[in-house]
Amino acid sequence: MLLDEAGKKVAEKIVTGANPEIKTTLKVANPQLWSPESPYLYQVKLTRYEGKKVADVQTLKTGIRTIAVSKEYGFQLNGVTRKLKGVCLHHDLGPLGAAENKAALIRQIKTMKEMGCDAIRTAHNMPSTMQMELCDSLGMMVMAESFDMWIYPKCKNGYAKFFKEWSDKDI
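So the sequence shown is numbered by numbering that gives the first Met the number 0: it starts at 0 and just counts up by one.
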């Protein structure tokens, strides 16, 4: 089920079967599109039943948008060509350290937006779930870098050692 920001149901689909992995599509009439200027988020609510009894409920927030890149138009978000105005951002919070701090992350993202930023490239490792969710809700586009090497090593025990074995699962 897909709910708008007010909690109103905008789309729903019932999928049956015993497969633990389900792929489906929901059609949303006139969706509010996510953008840095208007970071509209819907709530996806997944309910799993065993018989008629609710066995599990999971919710997550998501935005609806289109992304395209072409040599004619460059990067487009929701059909509009735009230049990314971004930064490379390490996972730490400067003198506050690397521990997650929601208030500090909010302040950091809002400060970057006030500077005119609309995009972050996370540098050298995966961002936290909290950071990604805050970027979604505050209107910051993210290129999440999972690691800074692939098949060519820059150090003896880096990710290049595992790339061929794990890249399909990790990427």
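I should point out that these hints are in silico values taken from the structure, not numbers from a laboratory.
Just so you know, not all the hints are guaranteed correct.
[Stated by the list, open to error] 25 angstroms max Cα-Cα, derived BS3-like pairs, lysine-lysine:
hint, residue 1, residue 2
1, Lys12, Lys60
2, Lys22, Lys12
3, Lys22, Lys52
4, Lys7, Lys51
5, Lys22, Lys168
6, Lys52, Lys70
7, Lys7, Lys60
8, Lys22, Lys7
9, Lys51, Lys22
10, Lys44, Lys7
[Claimed, not checked] Simulated restraints, written as ranges between beta carbons of each label pair:
hint, residue 1, residue 2, range
11, Val86, Thr46, 38 to 46 angstroms
12, Lys12, Val68, 28 to 36 angstroms
13, Gly50, Glu113, 51 to 59 angstroms
14, Met148, Gly50, 43 to 51 angstroms
Computed from a predicted structure; not experimentally measured.
For every residue, glycine included, the Cβ atom is placed at its ideal position computed from N, Cα and C.
Query raised in the report: Which of the numbered hints above does this structure break?
Result: Those not satisfied come down to hint 6.
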